[in-house]
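Student: Spelled out, the chains give:
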Amino acid sequence: MPKVSMTVNGKRVSGNVDARTLLVDFLRNEQRLTGTHVGCDTSQCGACVVHVDGKAIKSCTTLALSCEGANVTTIEGLANGQDLHPMQAAFRAHHGLQCGFCTPGMIMAAIDMVNRLGFNLSEETIRENLDGNICRCTGYHNIVKAIQAGAAAMGGLKVAAE
Amino acid sequence: MRPMKFGMGQALTRVEDHRFITGSGHYATDYHAKGELQAFVLRSPYASATFRMGSLDAARAMPGVAAVITHVDVAHLGDLPCQAPVKNSDGSTPRAPSYPVLPKDRVFHVGEAVAFIVAETLNQARDAAEAIDIKWSAMPVVSEIADARKKGAPLVHEAAPGNVAFDHLMGDKAKTDAVFAKAARVVSLDVVNNRLIANYMETRSIVAEPKKDGKFLITLGSQGSHGLRNTLAKFIFKTDPANFRVVTPDVGGGFGTKTFMYREYPLAVFAAGKLGRPVRWASDRTEHFFACAHGRDNLTRCEMALDERGKFLALRVEIDANMGAYLSQYGPYIPWLGATMLTGVYDIKAGYARVRGLFTNSVPFDAYRGAGRPEAAYMLERFVDYIADEIGMDRIKLRKLNFIKPARMPYKTVTGRVYDTGEFAGHLDRAMEIAEWKGFPARARSARKVGKLRGIGLGVYIEACGGGSPEPAYVSLEKDGTATVRIGTQSNGQGHETAYAQLVSQHLDLPLDKIRVKQGDTNDTPTGLGTGGSRSIPVGGSGVMKAAELLATNLKTLAAEKLEAGIGDLEISGGAVRIAGTDRRITFAEIAALPGAKKDMLSTTAAFAPPEATYPNGTHVCEVEIDPETGETRIVNFVIVDDFGVTLNPILLAGQIHGGAAQGIGQAMIERYVQDENGQILTASFLDYAMPRADDMPSFTFETRNVPSTTNAMGLKGAGEAGTIGAAPAVVNAIVDALRRAKGISHVDMPANAQTIWEVLRSAT
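Going line by line, the protein sequences match chains A and B.
Residues in the first sequence are numbered from 1 upward in steps of one, following the numbering used here.
Residues in the second sequence are numbered from 1001 upward in steps of one, following the numbering used here.
These are computed hints drawn from the structure, not numbers from a lab.
Some hints could be false.
[What the hints assert, rightly or not] Covered stretches of chain A (in silico footprint by chain B; criterion: 3 or more residues with CB under 8 Å from a CB of chain B, positions within the stretch not fixed):
| # | stretch |
| --- | --- |
| 1 | 110-118 |
| 2 | 122-132 |
| 3 | 140-153 |
Cβ atoms here follow ideal geometry from the backbone N, Cα and C, with glycine treated the same way.
Pulled out of the complex, with its shape left as it was, chain A reads as follows (with noise of 0.2 Å):
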């Protein structure tokens, strides 16, 4: 089996897998990284969402060996000890989980909104580039404040609390 090598949320780490290893898999079966979530097999429901080399991707269609040399950050390399990220904060502080399974890509694919986008989405981009995103729990609406909220605070800016 070919080796991978690649950083995962600032740690070097490497193994031997199956050249059809999924990024997902590794990340969860070799990495026991469990936050990032398998939801649909069809790369629809986003809840596999991490970042490689600063972009949002879908770990459920990416090749582990793709990523050999690749940084990858997930959601539990986001909180600095116990500060969170503002993203998932804002999450926190809008009510933007129910059952939480969809959350992790929510918050990943958030992030890589805010660094696509800007600190100042408006409710309509937010919506349009959610689009990747499913949730079953939330019907959204605390989801889309969450992240007005949380890229604001990426800016540094405040917004208040609904």
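Position chain B relative to chain A; hints supplied.
Tutor: Chain B only, in chain A's frame:
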């Protein structure tokens, strides 16, 4: 109730969130046992067929394969039971078709399990499944309700003539028919309630581990571990439930359908016992469409008898409900339960519902968020708008003329429901005011100028939930002065850890992080009825509240002796008991260390037996804008005003309402499960089943207009399903309103998606 900092009514963020936002939540699908084997289910490609299992030798000889389990291996196990049969009108209880753990030689729906393959790796199990040779012989298919009720239709089960699973009459038919015979006017409508898939984000899974003492540890996602333990033990393995410890960790959504027994559970337990090793099975998304209960799917004919003024005199309804190929755990109960809410918020003195369950070659049906009440509310509120249109009366006036007035409460309906409270015109007026109903004509004119069609609609619902059997709650004080709640309900995302902690804090005044809530382990609590029917707070919460109150009294009793004070002079604050108005206090931890602090003083239990259901009610107002060139419809405003009696936590409550409404909007506008005439599933993934996405959903304006319930001490009304129940009729009524204004169209069926609307507009003259 006295306001407490972390108690009843406070808008507190959730204590459980930290683990979910940091990726440290622990779901059943994250659980692995040491040395576990992986299982794959071989499923039927046919909707209806006989089959002969060929030799299994080749599959069994494949690398890594530990077992190939077929019918012969599990024939000694009991069937999956239907635990809520509905009687026929003649009083007889129909016999449910056998629902074996694995079928012998006949399958009744696509995706039906026929073999369970266990191997060292999932890929090995999959490969072995390919090596199993089955001779299939296709049989005639009954795909949908319309096929099932055709004259001369093939029979799904020989023992069920006409494909009728049960035929039940509720209400007074003779009286109703007599009113119809004399009525000034009768209006009728056929409505479709489309078939839905729960599609919680975490698919089902199980890890079954055999223990040295012959018992099993079973880890699975559920809505209550006790119910599944009992069904497995009593009905299927015919053993003492104590032989199964069932543990449910964090649950990635349930919406009703994670409550039930499914074939993979006994199969995994059986395989683990046979092999002496842990066995894991996890569903993928497409399997969820094959192997988890489906929701809704009714064809309903409704008729209303009216007098000259538009007063509703009598309602008769014929509901044909799809049961699928077998009767699932509560399947027949769902349309029956919906029919008990037949007359909704209206004062109608005569009525009946004929509820028929029909077999089809499709996945069995069961409870999905709302379970019968969304179907009833949609039927009635769509119908009322249709009646208003037919008789040329304003739809608001028609509703107000027929509402049950507050002065009539408690009000007994023709189906025997007793509503305790409800001010329907109150929330209707408030919702219309927020939605600026009066300004609608001007908005419609502006939209028309840019070629868009606007419509506004509403639905006024009432539903029945939060009743049933008691749910014992256990509250105890720990040595360190913190408290623990144990209860047999099961959060699937609702936030029970926060909600129950608030109820405890109401009496113990502890911050929420000093109160642990334990659910999901059958070893922790002796019994549990699980989460369903919006019962966890009205029923479970009432028990928690009472148990906490008893504990508070015990703590004061213990403190009184130590502080040498009368109990009446003591108060609880900040994790201590103190003499009111002084600084003389004793902390909970110190109380727990007192010699008199025996276990029975520090651990209390209470269970609340509701005398009746609770009846949450409310108004949803929806405004839509349709592009007639494409049929594309946007919700431009959505207002909800609800009566939940009392609000425990406004943040959690709003979350339940938003999410519930989204599922109702999804049904109204885009969601639909489809089978072709051969019973093949055309929507078995997120690529072809339309799941609501952020861009499909509106922002919600939600407020409460609470009238406390009289059926529980806290005055609460259940809120877990109400959003789903109220939303769908409001959306469809808004869409029809737009279509009527443009083309005189008086009805469309759900899902009113772009294609449907485009076609309806094109075919209208």
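Student: Indicate, hint by hint, whether the structure satisfies it.
Tutor: Do the hints match the structure? See the list:
1. 110-118: violated (count 0)
2. 122-132: Satisfied; 6 residues make the cut.
3. 140-153: Coverage by chain B holds for the stretch 140-153 of chain A (5 residues, Cβ < 8 Å).
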